[in-house]
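Student: In the working numbering, the protein residues as written are 28 to 511.
There could be a bad hint or two in this list.
Keeping only pairs whose Cα atoms sit at most 20 Å apart, straight-line, the calculated SDA-like set for lysine to any residue is [to be verified]:
id, residue 1, residue 2
1, K211, L307
2, K289, L504
3, K379, Y296
4, K282, A178
5, K98, G183
6, K38, K418
7, K379, E349
8, K38, Y189
9, K282, L504
10, K153, L334
11, K209, G183
12, K63, W193
13, K289, N148
14, K282, G143
15, K106, E185
16, K38, D96
17, K211, N196
18, K63, L504
19, K98, L108
20, K106, N196
21, K126, K150
22, K106, K209
23, K418, G228
24, K418, D88
25, K38, W97
26, K211, W97
27, K99, Q194
28, K289, D88
29, K209, E195
30, K98, L210
31, K150, L334
32, K177, R318
33, K150, L131
34, K106, G183
35, K282, N152
36, K126, R172
Label-pair ranges, simulated between beta-carbon atoms [as the list claims (entries may be wrong)]:
id, residue 1, residue 2, range
37, V136, I414, 55 to 61 Å
38, K153, G445, 46 to 52 Å
39, R258, E195, 27 to 33 Å
Derived from the structure by calculation, the hints contain no laboratory data. By construction, the Cβ of each residue, glycine as well, lies at the ideal position given by its N, Cα and C atoms.
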Amino acid sequence: MIVLGISPLDKDSTVTFLRDGQVIFAAGEERFTRNKLQDGFPAEALQAGLDYTGIPVDEIDIVAYPFFDWKKETEFFTKNLRNEGSFLAGVETDGMREKIDSALARVPVRTHPIHGLAEPNEKMNKRFLNRVFYRLAGAEGVLSRNMARKASNDWGRESMAYHKNWQENLEENLEEIGLSSKLKRFDHHLSHAAAAHFASGFERTLIVTLDGYGSGLAGSVSIGEGNRLRRIHRLEYPHSLGTFYESVTSSLGFKPSRHEGKIVGLAAYGDPDVLLDVVLGRFHQQPGDFRIIESNNVYFSRYLTTLFPKVDVAAAYQRALEIVATNYIRHYVQQTGIGTVVLAGGVVANVKMNQRILEIPEIHQIFVYPNMGDGGCGTGAAFLADIESVKERQPYQTVYFGPDYSEAEMAGELKDAGLFGEHVVPIEPVVARLIHEGHVVARFNGRMEYGPRALGNRSILYRASEPEVNQWLNQRLGRTEFMP
Numbered sequence: 028m029i030v031l032g033i034s035p036l037d038k039d040s041t042v043t044f045l046r047d048g049q050v051i052f053a054a055g056e057e058r059f060t061r062n063k064l065q066d067g068f069p070a071e072a073l074q075a076g077l078d079y080t081g082i083p084v085d086e087i088d089i090v091a092y093p094f095f096d097w098k099k100e101t102e103f104f105t106k107n108l109r110n111e112g113s114f115l116a117g118v119e120t121d122g123m124r125e126k127i128d129s130a131l132a133r134v135p136v137r138t139h140p141i142h143g144l145a146e147p148n149e150k151m152n153k154r155f156l157n158r159v160f161y162r163l164a165g166a167e168g169v170l171s172r173n174m175a176r177k178a179s180n181d182w183g184r185e186s187m188a189y190h191k192n193w194q195e196n197l198e199e200n201l202e203e204i205g206l207s208s209k210l211k212r213f214d215h216h217l218s219h220a221a222a223a224h225f226a227s228g229f230e231r232t233l234i235v236t237l238d239g240y241g242s243g244l245a246g247s248v249s250i251g252e253g254n255r256l257r258r259i260h261r262l263e264y265p266h267s268l269g270t271f272y273e274s275v276t277s278s279l280g281f282k283p284s285r286h287e288g289k290i291v292g293l294a295a296y297g298d299p300d301v302l303l304d305v306v307l308g309r310f311h312q313q314p315g316d317f318r319i320i321e322s323n324n325v326y327f328s329r330y331l332t333t334l335f336p337k338v339d340v341a342a343a344y345q346r347a348l349e350i351v352a353t354n355y356i357r358h359y360v361q362q363t364g365i366g367t368v369v370l371a372g373g374v375v376a377n378v379k380m381n382q383r384i385l386e387i388p389e390i391h392q393i394f395v396y397p398n399m400g401d402g403g404c405g406t407g408a409a410f411l412a413d414i415e416s417v418k419e420r421q422p423y424q425t426v427y428f429g430p431d432y433s434e435a436e437m438a439g440e441l442k443d444a445g446l447f448g449e450h451v452v453p454i455e456p457v458v459a460r461l462i463h464e465g466h467v468v469a470r471f472n473g474r475m476e477y478g479p480r481a482l483g484n485r486s487i488l489y490r491a492s493e494p495e496v497n498q499w500l501n502q503r504l505g506r507t508e509f510m511p
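All chains, full assembly: derive it from the sequences and hints.
Tutor: Set out below in structure tokens:
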């Protein structure tokens, strides 16, 4: 059986080809258009997959997509937003402003410079009226409750339009290539779960998915046993760790759903204890569950960024994420007795959080799906599509699933660029010497990596012993200086 998996079209659109349950090609559209997190139908990635595998379009048996149709998705989040209204109506304000005032006294004096910041305790510079509005709209009062409800309603309307638009885009493009009749839709978080479980190679797993939104959920816990998945908990949107972290990304001046890694880097310079009780005060945690007060109200985090150093805000959000996620996961590890945990969903791109999960005493081993965000969700949908026909699925031995290029093709590209190329065998000692001498080495080798991580085949290499490298090399690459 040949299955084509297509990830959600709203960002990082990716294709996966399965033959008899095994990935034979997978690549993101961004790698061909050169637009990071490219959205829309992945036409170039699809053509690259067809060319590489030699599979005719008419031999594709199923096209798997990890979202239901737009009407069903709208029903999910409309119900969820009604539930959020009931939750907010029953939550009392608990002296948040007093907590914030107390936190101001804990801000440390810093003198050591931080690359990328004008000064170590730099705050977001906003006009006086903006600061007043953020306080009224964000710090838990009547206005902030109303702003939260409005933000959720606005999100619902926009999401309905987005789902409808991307559905039309998907169906029109599949119709053009004769595949519209082969489309099958799957639950978003079940697709994430399938990707993590089936790729892990473990027989029995506790599967945790955490992201922004998908098919009514912001997360889930399932048990994977062989070829079966059984969900045991649903974390309903808008109580989303993805939305929670995106809010501080935006409030600190970065692009949400894209620059969350910069917050991880920035957090390393801050003191989480300055604001931790304030940020954790937004959570109602119960064993195996949690709710977030005013989850869609971005003005709370914006208010904090005008009062506190950026590094301390980032550190508090990072630590809160780690605490809430580990509390949530630990409960189900203890309840089920399963110490093998597999993870998927955009939130688990946060490597510091993953480290804290691994440190849970009852966990023996974890597997983080290599393309953990929505770019990998189409692969999970493809696994679900052939779940009945594949009795034994091989775990990933590699994630080099993209295209490769012949010696002749590489020589031709070098010639066209006016560059001299020398064929060196073996090349590894030469690369090691160049790195040791302080040269920057760009390595292009074999098939392209699948997912967001550079894993050696399309990588920039430099020695890690030079402290200043963060500043000058990140500048050359267009990255923020405090990124590792």
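Student: Are the hints correct? Go through all of them and say.
Tutor: Going through the hints against the structure:
1. For the proposed pair K211 and L307, the alpha carbon gap of about 40 Å is over 20 Å, so the pair is violated.
2. A distance of roughly 14 Å separates the Cα atoms of K289 and L504; the hinted pair therefore holds under the 20 Å criterion.
3. Between K379 and Y296 the CA atoms are separated by roughly 14 Å; this keeps the pair inside 20 Å, and the hint holds.
4. Taking the CA atoms of K282 and A178, the gap is about 18 Å. The hint holds against a cut of 20 Å.
5. For a cut-off of 20 Å, the pair hint linking K98 to G183 stands: about 12 Å separates their Cα positions.
6. Of the pairs offered as hints, the one joining K38 and K418 is violated, with about 32 Å between alpha carbons and a cut-off of 20 Å exceeded.
7. About 8 Å separates the Cα atoms of K379 and E349, which keeps this hinted pair within 20 Å; it holds.
8. A threshold of 20 Å between alpha carbons decides the hint, and for K38 with Y189 the separation of about 11 Å falls inside it, so the pair holds.
9. Among the hinted pairs, K282 with L504 is consistent with the structure: their alpha-carbon atoms are about 17 Å apart, no more than 20 Å.
10. Proximity of K153 to L334 is assessed by CA-CA distance (about 10 Å); at most 20 Å being required, the pair is judged to hold.
11. Restraint check for K209 and G183: the C-alpha separation of about 29 Å exceeds 20 Å, so the hint is violated.
12. About 18 Å separates the Cα atoms of K63 and W193, which keeps this hinted pair within 20 Å; it holds.
13. Note on K289 and N148: the hinted pairing holds, with a Cα-Cα distance of about 17 Å set against a maximum of 20 Å.
14. Of the supplied pair hints, the one linking K282 and G143 holds, its CA atoms being roughly 16 Å apart against a limit of 20 Å.
15. A C-alpha spacing of about 16 Å is found between K106 and E185, which places the hinted pair at or below 20 Å, so the restraint holds.
16. The straight-line distance between the Cα atoms of K38 and D96 is roughly 17 Å, inside the 20 Å bound, and the hint therefore holds.
17. Simply put, K211 and N196 have alpha-carbon atoms about 15 Å apart, close enough for the 20 Å limit, and the pair holds.
18. For the suggested pair K63 and L504, the alpha carbons sit about 14 Å apart, so the restraint of at most 20 Å is met.
19. Distance restraint check for K98 and L108: the Cα-Cα separation of roughly 15 Å lies within the 20 Å cut-off, and the hinted pair is therefore satisfied.
20. Annotation: proposed proximity of K106 to N196 is violated, straight-line Cα distance about 26 Å (limit 20 Å).
21. Taken as a hint, the K126 and K150 pair is honoured in the structure, with Cα atoms around 19 Å apart against an allowance of 20 Å.
22. For the hint pairing K106 with K209, the CA-to-CA distance comes to about 30 Å; that exceeds 20 Å, so the pair is violated.
23. Among the hinted pairs, K418 with G228 is consistent with the structure: their alpha-carbon atoms are about 13 Å apart, no more than 20 Å.
24. Using a Cα cut-off of 20 Å, the hinted pair K418 and D88 holds, with the two alpha carbons roughly 18 Å apart.
25. For the suggested pair K38 and W97, the alpha carbons sit about 16 Å apart, so the restraint of at most 20 Å is met.
26. Of the pairs offered as hints, the one joining K211 and W97 holds, with about 14 Å between alpha carbons and a cut-off of 20 Å not exceeded.
27. Among the hinted pairs, K99 with Q194 is consistent with the structure: their alpha-carbon atoms are about 12 Å apart, no more than 20 Å.
28. Annotation: proposed proximity of K289 to D88 is violated, straight-line Cα distance about 41 Å (limit 20 Å).
29. With a C-alpha separation of about 15 Å, the suggested pair K209 and E195 falls inside the 20 Å cut-off, and the hint holds.
30. At most 20 Å may separate the alpha-carbon atoms for a hinted pair to count; K98 and L210 meet this at roughly 16 Å.
31. Using a Cα cut-off of 20 Å, the hinted pair K150 and L334 holds, with the two alpha carbons roughly 7 Å apart.
32. For the hint linking K177 to R318, the alpha-carbon distance of about 18 Å falls within 20 Å, and the restraint holds.
33. A C-alpha spacing of about 13 Å is found between K150 and L131, which places the hinted pair at or below 20 Å, so the restraint holds.
34. The straight-line distance between the Cα atoms of K106 and G183 is roughly 10 Å, inside the 20 Å bound, and the hint therefore holds.
35. The straight-line distance between the Cα atoms of K282 and N152 is roughly 17 Å, inside the 20 Å bound, and the hint therefore holds.
36. A threshold of 20 Å between alpha carbons decides the hint, and for K126 with R172 the separation of about 18 Å falls inside it, so the pair holds.
37. Between V136 and I414, the C-beta spacing of about 58 Å keeps the proposed range 55 to 61 Å intact.
38. Taken as a hint, the range 46 to 52 Å holds for the pair K153 and G445, whose Cβ atoms sit roughly 49 Å apart.
39. Taking the beta carbon of each, R258 and E195 are about 30 Å apart, inside 27 to 33 Å as hinted.
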